[in-house]
Amino acid sequence: MKTTISIDVLSAAIAAVRAKSPLVHSITNYVVMNNSANALLAVGASPVMAHWKDEMEEMTAIAGALVINIGTLDTGWIEGMKAAGLAASRRGTPIVLDPVGAGATSQRTNAAWEIINLCHPTIIRGNGSEIMALVDADVKSKGVDSSASSDDALSAAKKLASETGAVVVISGETDYITDGTEVYTVEGGDPIMTSVTGMGCTATALVGAFAAVVSDPMEAAAAAMAVMSLAGERAAANARGNGSMQMHFLDELYNLTPETL
Amino acid sequence: MKTTISIDVLSAAIAAVRAKSPLVHSITNYVVMNNSANALLAVGASPVMAHWKDEMEEMTAIAGALVINIGTLDTGWIEGMKAAGLAASRRGTPIVLDPVGAGATSQRTNAAWEIINLCHPTIIRGNGSEIMALVDADVKSKGVDSSASSDDALSAAKKLASETGAVVVISGETDYITDGTEVYTVEGGDPIMTSVTGMGCTATALVGAFAAVVSDPMEAAAAAMAVMSLAGERAAANARGNGSMQMHFLDELYNLTPETL
Amino acid sequence: MKTTISIDVLSAAIAAVRAKSPLVHSITNYVVMNNSANALLAVGASPVMAHWKDEMEEMTAIAGALVINIGTLDTGWIEGMKAAGLAASRRGTPIVLDPVGAGATSQRTNAAWEIINLCHPTIIRGNGSEIMALVDADVKSKGVDSSASSDDALSAAKKLASETGAVVVISGETDYITDGTEVYTVEGGDPIMTSVTGMGCTATALVGAFAAVVSDPMEAAAAAMAVMSLAGERAAANARGNGSMQMHFLDELYNLTPETL
Numbered sequence: 353m354k355t356t357i358s359i360d361v362l363s364a365a366i367a368a369v370r371a372k373s374p375l376v377h378s379i380t381n382y383v384v385m386n387n388s389a390n391a392l393l394a395v396g397a398s399p400v401m402a403h404w405k406d407e408m409e410e411m412t413a414i415a416g417a418l419v420i421n422i423g424t425l426d427t428g429w430i431e432g433m434k435a436a437g438l439a440a441s442r443r444g445t446p447i448v449l450d451p452v453g454a455g456a457t458s459q460r461t462n463a464a465w466e467i468i469n470l471c472h473p474t475i476i477r478g479n480g481s482e483i484m485a486l487v488d489a490d491v492k493s494k495g496v497d498s499s500a501s502s503d504d505a506l507s508a509a510k511k512l513a514s515e516t517g518a519v520v521v522i523s524g525e526t527d528y529i530t531d532g533t534e535v536y537t538v539e540g541g542d543p544i545m546t547s548v549t550g551m552g553c554t555a556t557a558l559v560g561a562f563a564a565v566v567s568d569p570m571e572a573a574a575a576a577m578a579v580m581s582l583a584g585e586r587a588a589a590n591a592r593g594n595g596s597m598q599m600h601f602l603d604e605l606y607n608l609t610p611e612t613l
Numbered sequence: 353m354k355t356t357i358s359i360d361v362l363s364a365a366i367a368a369v370r371a372k373s374p375l376v377h378s379i380t381n382y383v384v385m386n387n388s389a390n391a392l393l394a395v396g397a398s399p400v401m402a403h404w405k406d407e408m409e410e411m412t413a414i415a416g417a418l419v420i421n422i423g424t425l426d427t428g429w430i431e432g433m434k435a436a437g438l439a440a441s442r443r444g445t446p447i448v449l450d451p452v453g454a455g456a457t458s459q460r461t462n463a464a465w466e467i468i469n470l471c472h473p474t475i476i477r478g479n480g481s482e483i484m485a486l487v488d489a490d491v492k493s494k495g496v497d498s499s500a501s502s503d504d505a506l507s508a509a510k511k512l513a514s515e516t517g518a519v520v521v522i523s524g525e526t527d528y529i530t531d532g533t534e535v536y537t538v539e540g541g542d543p544i545m546t547s548v549t550g551m552g553c554t555a556t557a558l559v560g561a562f563a564a565v566v567s568d569p570m571e572a573a574a575a576a577m578a579v580m581s582l583a584g585e586r587a588a589a590n591a592r593g594n595g596s597m598q599m600h601f602l603d604e605l606y607n608l609t610p611e612t613l
Numbered sequence: 353m354k355t356t357i358s359i360d361v362l363s364a365a366i367a368a369v370r371a372k373s374p375l376v377h378s379i380t381n382y383v384v385m386n387n388s389a390n391a392l393l394a395v396g397a398s399p400v401m402a403h404w405k406d407e408m409e410e411m412t413a414i415a416g417a418l419v420i421n422i423g424t425l426d427t428g429w430i431e432g433m434k435a436a437g438l439a440a441s442r443r444g445t446p447i448v449l450d451p452v453g454a455g456a457t458s459q460r461t462n463a464a465w466e467i468i469n470l471c472h473p474t475i476i477r478g479n480g481s482e483i484m485a486l487v488d489a490d491v492k493s494k495g496v497d498s499s500a501s502s503d504d505a506l507s508a509a510k511k512l513a514s515e516t517g518a519v520v521v522i523s524g525e526t527d528y529i530t531d532g533t534e535v536y537t538v539e540g541g542d543p544i545m546t547s548v549t550g551m552g553c554t555a556t557a558l559v560g561a562f563a564a565v566v567s568d569p570m571e572a573a574a575a576a577m578a579v580m581s582l583a584g585e586r587a588a589a590n591a592r593g594n595g596s597m598q599m600h601f602l603d604e605l606y607n608l609t610p611e612t613l
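Each protein sequence line maps, in turn, to chains A, B and C. Under the numbering used here, residues 353 to 613 are what the first sequence spells out, in order. Under the numbering used here, residues 353 to 613 are what the second sequence spells out, in order. Under the numbering used here, residues 353 to 613 are what the third sequence spells out, in order.
Hints are supplied without guarantee of correctness; some may be wrong.
If several chains are the same, the list does not tell them apart, and a pair holds so long as it fits within one copy or across any two.
Lysine-lysine pairs mimicking DSBU-like chemistry, simulated, CA-CA at most 35 Å apart [claimed, not checked]: (1) Lys354 with Lys405; (2) Lys354 with Lys372; (3) Lys511 with Lys354; (4) Lys434 with Lys405; (5) Lys434 with Lys511; (6) Lys510 with Lys372; (7) Lys405 with Lys510; (8) Lys434 with Lys510; (9) Lys405 with Lys511; (10) Lys372 with Lys511; (11) Lys354 with Lys510; (12) Lys372 with Lys434.
Source of the hints: derived by calculation from the structure; they are not laboratory data. Source: prediction; values computed, not measured.
Between the sequences and the hints, there should be enough to build the whole structure, so can you do that?
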């Protein structure tokens, strides 16, 4: 793993999550809920998964960050996401948006934009295709996989960051984190991570945990992506397939402390 | 593991679940469904996850117990829970309620009470904060984690049991099982269990399995909590983190028989 | 593992999934989503889980196959399933239906038939009880488990295939695949597979992946069931319980290539 932020910044961020154990309110997709919750617990954060519109105001009030992931969307969930996003935005609670599948259908792309315009996320994390589809409606992504080149994706990320005021994160072989001007990078991870469902969603969840305790969203996002890369590399060394990779990845997150960096 | 019930009672309970393989109808949260179903299979029970209001009457008719867990609640699911709870109550089928996140929002606390008043659960299982929040609306819990002291929690549990007629279970370092008068305890388990999402929900699922075949709800609940503790201790001995803990825990449940007690 | 189709056909099918990486649009139940997605990734397919009625038309347009699994059904989801099924049927995209719990409640049986009559699935896969319940409304299944004899089930499968024009797959100790006239069989697997939740749903997901790239539905279904059996046998050799079985099963799928047959 190699990243723009210093080991000291990364180390302090990891320690802060473990010390403060922020409550991360997650409205995420059915496929990844269990793994996202376990990943949050593994780094020392405290997950709560809740989407019921009626309780969003109160749930957001006790959370350190809100994560909105549109992976298995429908009309009712969009209502919960908007209610939570508005409440978090009003309180100044960091919001992280994962526009899963943007570009796969126009309904997804539109729902992502509706949430962006209404709730002003602090950080948006997606793969190259998803970020490009948000910037250019003509980009079609194939489901939830990415097939965009990193150069095109980075320029879309900068544009999206400038337009929305959000820090934009693109994950891929090299991760890019940008506020429209500056670009941080994280290199590392392992190709087998693309064979474990929801690794991107896990990254988004961890971005939420770090955003709750690190005030600079560029640093928060870079720290989360660095943690993903490191744990991914270490887990891949012992994985025989995507089943054991999923398990080892959580174990490596669990054992990642400033001391084991 | 150390518990108030005798090894003979525990052993008979474990054997009864394996022999009768009760169908446990679970209306539970998205985060834990896979693990709850696997935990039920591991102890020899037969899980069915179903929440559709229209089929609750017929599904409850073939079930040995009903588990209601309000972890990822919304209006539609409350309707399903109430329909199932009423049908089970009418038939005398044991009902186990897990008031996940009671106290985190008033909507959760209210929904739990609505279900209690309508369906009269046989057993209520929660962590200390959740049980206290049901008894005293001023107790706020932080999401789904517990931070209550056991003394305060036990006295809340006794009060809740007396008010509702349900056996109340509080899980924690020491588990308490009470009908308002008597108190059974289970000691054991391992701290790493708190880093695996949904371990409390798994406990509730197993309480359902034991309640289906053991007529005394105090014994059923104590047996389930003892099984949790034992499997937790054994699994923790081999766990490297919360990922492998989740896997080993199921394996230990799977291998827990009267012979391996 | 022993099957009617030749090793060459099986090998070509496995290679085709890995080469073409078909997008498998899955509307499946909450319990199994994570494992089904990982199983699809393990064999080289690309999963997308989506059920929102509004985006079904566009999502189906980019998919190589549609999998409909009625495991945790409700009214809203039936609408999504019908919208997707109609769109796939209009386009000639292969549709695989898993009538989970048919016979457990009349609502499930009716919902399965509604989907069959509206969308004309290419392949229907269930356990013996479910298939029998579709053919004879008097057959009651206990939740999602099968207890039917294979002879009775096979004759029901033939009848269902003739009535619907679908290839019908019954999984069990021996799997049967029939178009109403011919019968292919797959023998193998391991009894511990029945203690892992959603193995049948995983089989259905894989049938979808193979149906997307193999034009003959009898061969596609047999190849998928053979892959299940093989991976199951190999995984069982290393499993200590249903927890490790679930993990090893994915690893074995991941490592299954024409070379490792």
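Outcome of the hint check:
1. Lys354 with Lys405: For Lys354 and Lys405, the Cα distance exceeds 35 Å both inside one copy (41 Å) and across copies (43 Å).
2. Lys354 with Lys372: both (26 Å within a copy, 33 Å between copies)
3. Lys511 with Lys354: Within. Shortest intra-copy distance 25 Å satisfies the 35 Å Cα cut-off; inter-copy 56 Å does not.
4. Lys434 with Lys405: Both, since 8 Å and 19 Å are each at most 35 Å.
5. Lys434 with Lys511: within (24 Å within a copy, 39 Å between copies)
6. Lys510 with Lys372: Both, since 32 Å and 33 Å are each at most 35 Å.
7. Lys405 with Lys510: both (33 Å within a copy, 33 Å between copies)
8. Lys434 with Lys510: within (25 Å within a copy, 40 Å between copies)
9. Lys405 with Lys511: both (32 Å within a copy, 31 Å between copies)
10. Lys372 with Lys511: both (34 Å within a copy, 33 Å between copies)
11. Lys354 with Lys510: within (21 Å within a copy, 55 Å between copies)
12. Lys372 with Lys434: within (27 Å within a copy, 38 Å between copies)
Hint check: a violation occurs at hint 1 only; the rest are consistent with the structure.
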